[in-house]
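As they're listed, the protein sequences go chains A and B.
So the first sequence is residues 5 to 113, counted in the numbering used here.
So the second sequence is residues 5 to 117, counted in the numbering used here.
Possibly wrong hints are sitting among the right ones.
[Claimed, not checked] Each computed DSS-like pair below joins lysine-lysine, with the alpha-carbon atoms no more than 30 Å apart:
id : chain 1 : residue 1 : chain 2 : residue 2
1  : A       : Lys105    : B       : Lys13
2  : B       : Lys75     : A       : Lys5
3  : B       : Lys87     : A       : Lys105
4  : A       : Lys105    : B       : Lys61
Hints were generated in silico from the structure; no laboratory data involved.
From a predicted model like this one, the values you see are computed outputs, not experimental measurements.
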Amino acid sequence: KNEVEQSPQNLTAQEGEFITINCSYSVGISALHWLQQHPGGGIVSLFMLSSGKKKHGRLIATINIQEKHSSLHITASHPRDSAVYICAVSGGGADGLTFGKGTHLIIQP
Amino acid sequence: DGGITQSPKYLFRKEGQNVTLSCEQNLNHDAMYWYRQDPGQGLRLIYYSQIVNDFQKGDIAEGYSVSREKKESFPLTVTSAQKNPTAFYLCASSPSDLNTEAFFGQGTRLTVV
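Just chain A, with the same shape it has in the complex:
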């Protein structure tokens, strides 16, 4: 079974800083998802990627399949980016995702 590790677990930064959250996994995957969970609990899918890099607004996600590693970057961070960011991987089957424990990000004004 895949093991998904995220770092850091907690991150507090000042508004405007460049943020990096890391995710590593132990077994080859078919896709990796970055998710955002706000205090109310609902989860929003930010990215799904299987290779390379994707960008959406101030968010950038990269993946290195050989190294089994992905990063989520936030440029020009803002207090509204404060949330839990979760990395999840799928192995290509239909039995759901394996999740990391999440990174709790706080952006202070």
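Dock chain B against the given chain A, drawing on the hints supplied.
For chain B alone, coordinates are given in the frame of chain A:
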């Protein structure tokens, strides 16, 4: 707007009672999933369903039951056999399997007293 609706958002039940959590999607997705989230842990899979009238146990299915009588609906029953039912429950769906984008509901926080 298409999406996944979970209800209720908060649910309180007495110990020993069964309780059913609702999950409805209007995205025409084939696959649906139930996850449980506990503090400090990643989400864990309870049950999943790829097609109507078929579902499979996930990693922590004991004490739970599901049904998939309609494509749009995948209710989860937390039975009295679940030893520690207080948790946050999330429903998800995807077009086929999870190599496509996953969509999540807003979750139901269940507290058993």
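Outcome of the hint check:
1. Only pairs whose Cα atoms come within 30 Å are accepted, and A:Lys105 paired with B:Lys13 is accepted, the gap being roughly 22 Å.
2. Restraint check for B:Lys75 and A:Lys5: the C-alpha separation of about 29 Å stays at or below 30 Å, so the hint holds.
3. Between B:Lys87 and A:Lys105 the CA atoms are separated by roughly 22 Å; this keeps the pair inside 30 Å, and the hint holds.
4. Proposed proximity of A:Lys105 and B:Lys61 is supported: the alpha carbons are some 22 Å apart, at most 30 Å.
Hint compliance for this structure: every hint is met.
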